[in-house]
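K.L.:
One-letter residues, chain by chain:
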Amino acid sequence: MTGTVISIDRVVKSFGTFTALHEVSFDIADNEFFTLLGPSGCGKTTLLRCIAGFEPVSGGQIRLNGKDIAPLPPYKRPVNTVFQHYALFPHMTVLENVMFGLQRLGWSAMDAQGRARQALELVHLSEFLKRRPAQLSGGQQQRVALARALAPEPRVLLLDEPLSALDLKLRQAVRMELKQIQRETGIAFVFVTHDQEEALTMSDRIAVMSNGHVQQIGTPREIYETPANRFVADFIGETNLIEVPVLGISGGLAEVSLPGGRRVHCPTRLVDGKQGVLSVRPERIDLCPAAEADMIVTAGEQVYLGTDIQLKAHLAGGQEVTVRLQNAAATVLPERGTELGLKLETGAARLLAA
Amino acid sequence: MAAMAPGGASNSEIYKGNAGKLLLPTWLVIGFFLLIPVALMAIYSFLTKEFRGGVIWEFSLTAYDQFFLNRGLFGDEPPSIEWTYIGIFWRSIWQAGLATVLCLLIGFPTAWFIATRAPRDRTIWLLIVTVPYWVNLLIRTVSMKFLIRDEGPLNALLLSTGIIDAPLGLINTNLAVQLGLFYSYLPFMVLPVYAAVERYDFALSEAAADLYASRWTILRLVILPVVKPGIIAGCILVFVPSLGAFLAPDLLGGAKSFMIGSLIEEQFKGAAGNWPFGAAAAMILMTIVMIVLLVYARSQTREAKA
Numbered sequence: 001m002t003g004t005v006i007s008i009d010r011v012v013k014s015f016g017t018f019t020a021l022h023e024v025s026f027d028i029a030d031n032e033f034f035t036l037l038g039p040s041g042c043g044k045t046t047l048l049r050c051i052a053g054f055e056p057v058s059g060g061q062i063r064l065n066g067k068d069i070a071p072l073p074p075y076k077r078p079v080n081t082v083f084q085h086y087a088l089f090p091h092m093t094v095l096e097n098v099m100f101g102l103q104r105l106g107w108s109a110m111d112a113q114g115r116a117r118q119a120l121e122l123v124h125l126s127e128f129l130k131r132r133p134a135q136l137s138g139g140q141q142q143r144v145a146l147a148r149a150l151a152p153e154p155r156v157l158l159l160d161e162p163l164s165a166l167d168l169k170l171r172q173a174v175r176m177e178l179k180q181i182q183r184e185t186g187i188a189f190v191f192v193t194h195d196q197e198e199a200l201t202m203s204d205r206i207a208v209m210s211n212g213h214v215q216q217i218g219t220p221r222e223i224y225e226t227p228a229n230r231f232v233a234d235f236i237g238e239t240n241l242i243e244v245p246v247l248g249i250s251g252g253l254a255e256v257s258l259p260g261g262r263r264v265h266c267p268t269r270l271v272d273g274k275q276g277v278l279s280v281r282p283e284r285i286d287l288c289p290a291a292e293a294d295m296i297v298t299a300g301e302q303v304y305l306g307t308d309i310q311l312k313a314h315l316a317g318g319q320e321v322t323v324r325l326q327n328a329a330a331t332v333l334p335e336r337g338t339e340l341g342l343k344l345e346t347g348a349a350r351l352l353a354a
Numbered sequence: 001m002a003a004m005a006p007g008g009a010s011n012s013e014i015y016k017g018n019a020g021k022l023l024l025p026t027w028l029v030i031g032f033f034l035l036i037p038v039a040l041m042a043i044y045s046f047l048t049k050e051f052r053g054g055v056i057w058e059f060s061l062t063a064y065d066q067f068f069l070n071r072g073l074f075g076d077e078p079p080s081i082e083w084t085y086i087g088i089f090w091r092s093i094w095q096a097g098l099a100t101v102l103c104l105l106i107g108f109p110t111a112w113f114i115a116t117r118a119p120r121d122r123t124i125w126l127l128i129v130t131v132p133y134w135v136n137l138l139i140r141t142v143s144m145k146f147l148i149r150d151e152g153p154l155n156a157l158l159l160s161t162g163i164i165d166a167p168l169g170l171i172n173t174n175l176a177v178q179l180g181l182f183y184s185y186l187p188f189m190v191l192p193v194y195a196a197v198e199r200y201d202f203a204l205s206e207a208a209a210d211l212y213a214s215r216w217t218i219l220r221l222v223i224l225p226v227v228k229p230g231i232i233a234g235c236i237l238v239f240v241p242s243l244g245a246f247l248a249p250d251l252l253g254g255a256k257s258f259m260i261g262s263l264i265e266e267q268f269k270g271a272a273g274n275w276p277f278g279a280a281a282a283m284i285l286m287t288i289v290m291i292v293l294l295v296y297a298r299s300q301t302r303e304a305k306a
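In the order they appear, the protein sequences are chains A and B.
The working numbering numbers the first residue of the first sequence as 1 and each following residue consecutively.
The working numbering numbers the first residue of the second sequence as 1 and each following residue consecutively.
Only chain A is shown next, with the shape it has when bound in the complex (with noise of 0.2 Å):
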């Protein structure tokens, strides 16, 4: 990682009485593809459009390169924005929509012409120049509106769930070409979405958010791995939490009671404390005989999701526990309501914070 393009330094929003984001602080590295994660109303959104320019903050600085910006309309902030909904000029065509920011600063014609058709090639959309926006399809706009925001070479880009209206064909393979482009240009990418699996597959570095609050920032592995709190854990990919006693920590290893009285050792950032709540990962688990078990289940019912069948599972106290077991020709699936044992694969559980 190079120097900090961006700093978001204890940034608060208000809407009247209700605060959207509460001191919010982080950097984003130069050349970095750092998302925003989190449901919908966490303030991932609110934050970008702080970024931008559309939303004054409350309190905060937001520093580019090192000069706080906050204060500066969006037209005086070398950032730009793809648009949730694309937000393409209409009544433009595809090479005047493109040419438009250039044009603003004082590009001559002819040269943001030029800079306009090479962004348009760096998002494969060289034909259709002429065109106007509602002549293209979705994924057609989508890279407009990319080009759009690339053409004057940002500092900055910033994405608002920029592929949430494509088809999942799409998505997925805009997915990679996003990254690439990122890499390319060597632009810091600021990308907002609320799809885990979009986070996971394209950042370096993803803060979850929630509540106006950043829970956690981190690499998608040290995000799905070893999330920081309860809401990170249940809100990327799925997870079992299992309420358990806690009988001991030290050196950020703690010894737990599993439902059913078995002991096992598992990494955690607490330090104390006599209740926790363990995170299993489903496809952690795998089913062994009763005696070598770590917990003992009733098998339920059974989804089949193509690649990996997903069983649902209850503890004698009633819980469920879900568990994915890949979908194999030699996996023999239990009928419902047998016995099962379960067995955690090594570190597979963590500790966390009631």
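Hints are not guaranteed to be accurate.
What the hints assert, rightly or not - Keeping only pairs whose Cα atoms sit at most 25 Å apart, straight-line, the calculated DMTMM-like set for lysine to aspartate or glutamate is:
no.: 1; chain 1: A; residue 1: 130; chain 2: B; residue 2: 201
no.: 2; chain 1: A; residue 1: 169; chain 2: A; residue 2: 195
no.: 3; chain 1: A; residue 1: 179; chain 2: A; residue 2: 243
no.: 4; chain 1: B; residue 1: 228; chain 2: A; residue 2: 96
no.: 5; chain 1: A; residue 1: 274; chain 2: A; residue 2: 320
no.: 6; chain 1: A; residue 1: 130; chain 2: B; residue 2: 303
no.: 7; chain 1: A; residue 1: 76; chain 2: B; residue 2: 82
no.: 8; chain 1: A; residue 1: 130; chain 2: B; residue 2: 206
no.: 9; chain 1: B; residue 1: 256; chain 2: B; residue 2: 150
no.: 10; chain 1: A; residue 1: 67; chain 2: B; residue 2: 201
no.: 11; chain 1: A; residue 1: 76; chain 2: B; residue 2: 303
no.: 12; chain 1: A; residue 1: 76; chain 2: A; residue 2: 167
no.: 13; chain 1: A; residue 1: 179; chain 2: A; residue 2: 30
Unchecked claim - To list a few chain B residues with every Cβ distance to chain A over 10 Å, as calculated:
no.: 14; residue: 32
no.: 15; residue: 139
no.: 16; residue: 174
no.: 17; residue: 221
To be clear, the hints were calculated from the coordinates, so they are not data collected in a lab.
Only a predicted model underlies this, so the values are computations on that prediction, with no experimental measurement involved.
All C-beta atoms, glycine included, are put in the ideal place defined by N, C-alpha and C.
Dock chain B against the given chain A, drawing on the hints supplied.
P.N.:
Showing chain B alone in chain A's frame:
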């Protein structure tokens, strides 16, 4: 994948099925009450006038001759161009054009204001704009007369506050007619512009601001072009009736603020009337309006092709 054009009509056969039959009542109404009267008007303009009003069925170009050419009081002098009626037309076009510009200048911000309120408040604001128009146009024009005459409240207010020390003498002037026109047709500008602004996607303004456009540039390059259809509709709805208006010039104007509407009205009213001449003036007015609309339509299709 096929993208639905925003606001695009469905091409499905299901919705087109009986469109032809559905148009039948419209054709009947337009045929009976529009095309036939217009055709009659066109024919009348080429007939000879009957002195007690009405026409004699005898072909004549007198009406058009009278409109454009001056042959002296007894009709025996060599013809020269008759400026009286052309002058009245010119004044009408000028007044109607000015009313259109004023309506746009006042109506656009008004429409913008209403369209940017909370949806519930918009209804109330629209009601406020339209409520005065439930009162008959004649009554409204007369009250305007009472308002602006020398003894009226406007002058009284200005005199008492010391802004002026003699009445403005507004009544019977072109300015009074202008006020009347502007006031009569303002909602015809506000409503279509409002409809266009209400559909306007404010993300476009954000996108333009994001791409380094200042507020005025956004207005000029994005907002105005996008809401242009509403503005054009408003301009046509104000300009065309203003051009043919006769209440405002009759009640608020004097001899020097005579407009086409009054001229035509006079020809069909009372014994002094001259139906062929009135019909000819109406045909000339209609031709001017048609030319304006055609030029506009042509420029639009050219723009769409470009």
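K.L.:
For every hint, state whether the structure bears it out.
P.N.:
How the hints compare with the structure:
1. A/130 <-> B/201: holds (22 Å)
2. A/169 <-> A/195: Cα-Cα ~15 Å, so holds.
3. A/179 <-> A/243: Violated, because 39 Å separates the two Cα atoms, which is more than 25 Å.
4. B/228 <-> A/96: Given that 25 Å is the threshold and the Cα spacing comes to 18 Å, the pair holds.
5. A/274 <-> A/320: The given pair, whose Cα atoms are some 23 Å apart, holds under the 25 Å limit.
6. A/130 <-> B/303: holds (13 Å)
7. A/76 <-> B/82: violated (60 Å)
8. A/130 <-> B/206: holds (24 Å)
9. B/256 <-> B/150: holds (18 Å)
10. A/67 <-> B/201: violated (32 Å)
11. A/76 <-> B/303: violated (32 Å)
12. A/76 <-> A/167: Outside the cut-off at roughly 35 Å; violated.
13. A/179 <-> A/30: Given pair residue 179 of chain A, residue 30 of chain A holds - Cα atoms ~15 Å apart, limit 25 Å.
14. 32: The assertion about residue 32 of chain B holds, with a minimum of 39 Å to chain A.
15. 139: holds (42 Å)
16. 174: Holds, because the least Cβ-Cβ distance between residue 174 of chain B and chain A comes to about 37 Å, which exceeds 10 Å.
17. 221: violated (8 Å)
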